[in-house]
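Participant: Protein chains in written order, with this note's numbering: chain A, 109 to 490; chain B, 109 to 490.
In case anyone wonders, no lab produced these hints; they're calculated from the structure.
Backbone N, C-alpha and C fix where the C-beta goes; we use that ideal spot for every residue, glycine too.
Be aware that one or more of the hints could be misleading.
Cross-link-like lysine-lysine pairs, in silico, DSS-like; alpha carbons within 30 Å at most [to be verified]: (1) A:Lys259 - B:Lys482; (2) B:Lys259 - A:Lys426; (3) B:Lys458 - A:Lys225; (4) B:Lys259 - A:Lys472; (5) B:Lys223 - A:Lys259; (6) B:Lys223 - A:Lys419; (7) B:Lys424 - A:Lys225; (8) B:Lys259 - A:Lys392; (9) B:Lys259 - A:Lys259; (10) B:Lys259 - A:Lys424; (11) A:Lys127 - B:Lys458; (12) B:Lys328 - A:Lys225; (13) A:Lys259 - B:Lys469; (14) A:Lys281 - B:Lys259; (15) A:Lys259 - B:Lys225; (16) B:Lys159 - A:Lys259; (17) B:Lys445 - A:Lys259; (18) B:Lys225 - A:Lys328; (19) A:Lys223 - B:Lys424; (20) B:Lys419 - A:Lys259; (21) A:Lys281 - B:Lys281; (22) A:Lys281 - B:Lys325; (23) A:Lys419 - B:Lys225; (24) A:Lys482 - B:Lys259; (25) A:Lys259 - B:Lys431; (26) A:Lys424 - B:Lys477; (27) B:Lys477 - A:Lys259; (28) B:Lys472 - A:Lys127.
Computed Cβ-Cβ distance ranges for the label pairs, DEER-style [to be verified]: (29) B:Glu226 - A:Gln484: 50 to 58 Å; (30) B:Gln233 - A:Arg449: 53 to 61 Å; (31) B:Glu304 - A:Thr414: 57 to 65 Å; (32) B:Gln233 - A:Gly177: 50 to 58 Å.
Not everything, but these chain B residues come out facing chain A in the computed CB check (under 7 Å) [to be verified]: (33) Lys223; (34) Lys225; (35) Gln316.
Protein chains: 2
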Amino acid sequence: MDRADAEARRRAALAIRQKLLPLLKEIEKGNPPKLVIPKRTFSNTNFDKEKGFLVMGEETLERHLLDAGEARRFMQTILMASIIYQALVENEYPTIRDLYYRGKHTITYMDLAGKVKEENTWDEQDESDAVLRDIEVMTDLLREEMLILSKEKGKMVGDMRIRSGPDVIDLSKLGHGAYAIESTPDLIEFLDVNAEFVLVVEKDAVFQQLHRIGFWKQYKCLLMTGAGQPDRATRRLVRRLNEELGLPVYVITDSDPYGWNIFSVFKVGSITLSYESERLATPKARFLGVSMTDIFGDKGKKPYLTAEERKNFIIKAKDADVKRAKDLQQYPWFQTKKWQREIELFLEKKAKLEIEALVGKGLKFLAHKYIPEKIQGGDWIE
Amino acid sequence: MDRADAEARRRAALAIRQKLLPLLKEIEKGNPPKLVIPKRTFSNTNFDKEKGFLVMGEETLERHLLDAGEARRFMQTILMASIIYQALVENEYPTIRDLYYRGKHTITYMDLAGKVKEENTWDEQDESDAVLRDIEVMTDLLREEMLILSKEKGKMVGDMRIRSGPDVIDLSKLGHGAYAIESTPDLIEFLDVNAEFVLVVEKDAVFQQLHRIGFWKQYKCLLMTGAGQPDRATRRLVRRLNEELGLPVYVITDSDPYGWNIFSVFKVGSITLSYESERLATPKARFLGVSMTDIFGDKGKKPYLTAEERKNFIIKAKDADVKRAKDLQQYPWFQTKKWQREIELFLEKKAKLEIEALVGKGLKFLAHKYIPEKIQGGDWIE
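Next up, chain A with everything else stripped away, as it sits in the complex:
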């Protein structure tokens, strides 16, 4: 086990101890034990204009052991904290799925009438996941910082060297393959980089195409994909590349509300998990396209597609897309002229377009005209 790993364990174990040891003191004093946990509700989620991402508000809730309605969740929280603590000190790497299994068992107890009853610590993973999130906000540690692993699908290539564990990895020497991003991107050390920007492509297949024709070499960028809705490790790494190395980040998605939402998750964070944003959001991320004005043009802007191509490539929006767009139209971070224009155009044309349609015009069109021209011309949306 390397030093970065060991230090992360020490830090996380300490945070858990510091948060939970006071409970023991209260019990010794004869006080009824309670936990104070920041509220993860939508009403306690705010968009921080200054920071540019979603943050949790100040509201907290108390959870009492000696309250019949709260005792179960109280005990679940302590159980989960103890499993994580144990995994930390025993150099284990649990996943959220096996945290669920590790804690799952049946408790036999006698009720007030003297009847023997059984109850499960938790039944479904939904329950143990919610408890884990409570621990994340309570300790102010993301689960990655507690060395909890998860399924990851992000990839990256580019002219950059990183240290991960005991190894130095040259991200420019991976052939046609790529670096599969690790679960704990905070343990990565950036050694040296020769790139001018980060390009995040929504789709894995398009990432592979751009990689294959050497896009990142020619245009000096770090090429990444989150393969659809990005996982936390990919988002964290994008943030670190932007914040620590000062590299501008451009995101390319399909031209539809689902694509905008992916961009939104990169930029301001996830609405239902605002506590992550402090570390995972990249408020300076730029939406490079595919934008509605790329498709249809606008005042002073020529479209990238001909009328014929529009006819062949455009997909008709569904009712669910329109509904989604109307929701996004209200979000505080979409209250800019460009975003409102983008959403209006969508609602007017009821049209969607996939990145692959641009590749349909030729991979060279995407790689050597569309992307460089958009970046050089400053044609992105903040």
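Place chain B on chain A using the hints.
Facilitator: Okay, now just chain B, sitting in the frame of chain A:
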């Protein structure tokens, strides 16, 4: 572009020319053009006991241009072949999605009554994908051999050096990350390997856990994951490792019909796409577990789980699982004593178990007891 890539292009372009040039000659002679295509139907799919995988039978179908019912598909086939040919000679890397876009357009024509009509080359990707499969069987080239890329999610680590494109990649020096397998695994050159077997883990998160504790170092294996239902590149690479390097391949999946099916795809191929198996199937692959007898024990075999653990970890099978199991029970390659016992036990207990449940007992249990003991004891199913 590297030499292997250029050679693959030359080979594929030649195969397409050889298959389609005779058409021109027939037309010059005044004969009505037709294509002869191997039948991809279920009835033309056989399990070849000798080879140990699914193969296509001898049946072919003819497709005539001058038959109103076949003209559309005939022309689609020629269109697709020409798009692929063009991409090959122009050094493009299309995906199946952008092959769809490249070919999609509207044809205007006049019918016999002199009325102007419109028809799309194809409407949905289903249609263009089916045409692509026809070209695969017609030319005897998998799409990867035609440099057609696709979304990939397979990963690999281990003490091995490979050449991919211009680079030599050391798969033992990837830190906590991994090598994301490329779309065209036939272009990979194996340089040197220090491993005694290949371990394929169904789930990405478990792959990461085993990687993190250095399983592959300690037990001298190449560690891989297909992240669920494996893609073609992962299957092809597994096959090559087995066939060319002679490494035994062990597969670990969840203990349920879905997991058995994943193993089955690795071993004999996909039932609906039997023409792939010749290159993608690994008939010598071994199902290491998790097996029903691991959970419940058997004559002369102690179970790996206690009664208490079974109670906590087992998931009740659904009707769909039972139906699936009954289908699998009939497959020719499951007609062995061990597989029949496995399926019977499942149908009797109606119980499923996830790999993560074993990690719930401790990652060390999975890594240092379960896997090595099963391999050393020969406790797998062919």
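Participant: Each hint should be assessed against the structure and marked as holding or not.
Facilitator: Cross-check of the supplied hints:
{"no.": "1", "hint": "A:Lys259 - B:Lys482", "result": "holds, 25 Å"}
{"no.": "2", "hint": "B:Lys259 - A:Lys426", "result": "holds, 25 Å"}
{"no.": "3", "hint": "B:Lys458 - A:Lys225", "result": "holds, 26 Å"}
{"no.": "4", "hint": "B:Lys259 - A:Lys472", "result": "holds, 19 Å"}
{"no.": "5", "hint": "B:Lys223 - A:Lys259", "result": "violated, 57 Å"}
{"no.": "6", "hint": "B:Lys223 - A:Lys419", "result": "holds, 22 Å"}
{"no.": "7", "hint": "B:Lys424 - A:Lys225", "result": "holds, 22 Å"}
{"no.": "8", "hint": "B:Lys259 - A:Lys392", "result": "holds, 28 Å"}
{"no.": "9", "hint": "B:Lys259 - A:Lys259", "result": "holds, 17 Å"}
{"no.": "10", "hint": "B:Lys259 - A:Lys424", "result": "holds, 24 Å"}
{"no.": "11", "hint": "A:Lys127 - B:Lys458", "result": "violated, 43 Å"}
{"no.": "12", "hint": "B:Lys328 - A:Lys225", "result": "violated, 49 Å"}
{"no.": "13", "hint": "A:Lys259 - B:Lys469", "result": "holds, 19 Å"}
{"no.": "14", "hint": "A:Lys281 - B:Lys259", "result": "holds, 21 Å"}
{"no.": "15", "hint": "A:Lys259 - B:Lys225", "result": "violated, 51 Å"}
{"no.": "16", "hint": "B:Lys159 - A:Lys259", "result": "violated, 35 Å"}
{"no.": "17", "hint": "B:Lys445 - A:Lys259", "result": "violated, 35 Å"}
{"no.": "18", "hint": "B:Lys225 - A:Lys328", "result": "violated, 49 Å"}
{"no.": "19", "hint": "A:Lys223 - B:Lys424", "result": "holds, 28 Å"}
{"no.": "20", "hint": "B:Lys419 - A:Lys259", "result": "holds, 26 Å"}
{"no.": "21", "hint": "A:Lys281 - B:Lys281", "result": "holds, 12 Å"}
{"no.": "22", "hint": "A:Lys281 - B:Lys325", "result": "holds, 22 Å"}
{"no.": "23", "hint": "A:Lys419 - B:Lys225", "result": "holds, 16 Å"}
{"no.": "24", "hint": "A:Lys482 - B:Lys259", "result": "holds, 25 Å"}
{"no.": "25", "hint": "A:Lys259 - B:Lys431", "result": "holds, 29 Å"}
{"no.": "26", "hint": "A:Lys424 - B:Lys477", "result": "violated, 55 Å"}
{"no.": "27", "hint": "B:Lys477 - A:Lys259", "result": "holds, 24 Å"}
{"no.": "28", "hint": "B:Lys472 - A:Lys127", "result": "holds, 28 Å"}
{"no.": "29", "hint": "B:Glu226 - A:Gln484: 50 to 58 Å", "result": "violated, 39 Å"}
{"no.": "30", "hint": "B:Gln233 - A:Arg449: 53 to 61 Å", "result": "violated, 31 Å"}
{"no.": "31", "hint": "B:Glu304 - A:Thr414: 57 to 65 Å", "result": "holds, 58 Å"}
{"no.": "32", "hint": "B:Gln233 - A:Gly177: 50 to 58 Å", "result": "holds, 52 Å"}
{"no.": "33", "hint": "Lys223", "result": "violated, 21 Å"}
{"no.": "34", "hint": "Lys225", "result": "violated, 16 Å"}
{"no.": "35", "hint": "Gln316", "result": "holds, 5 Å"}
Of the hints listed earlier, those the structure fails to meet are numbers 5, 11, 12, 15, 16, 17, 18, 26, 29, 30, 33, 34, in rising order.
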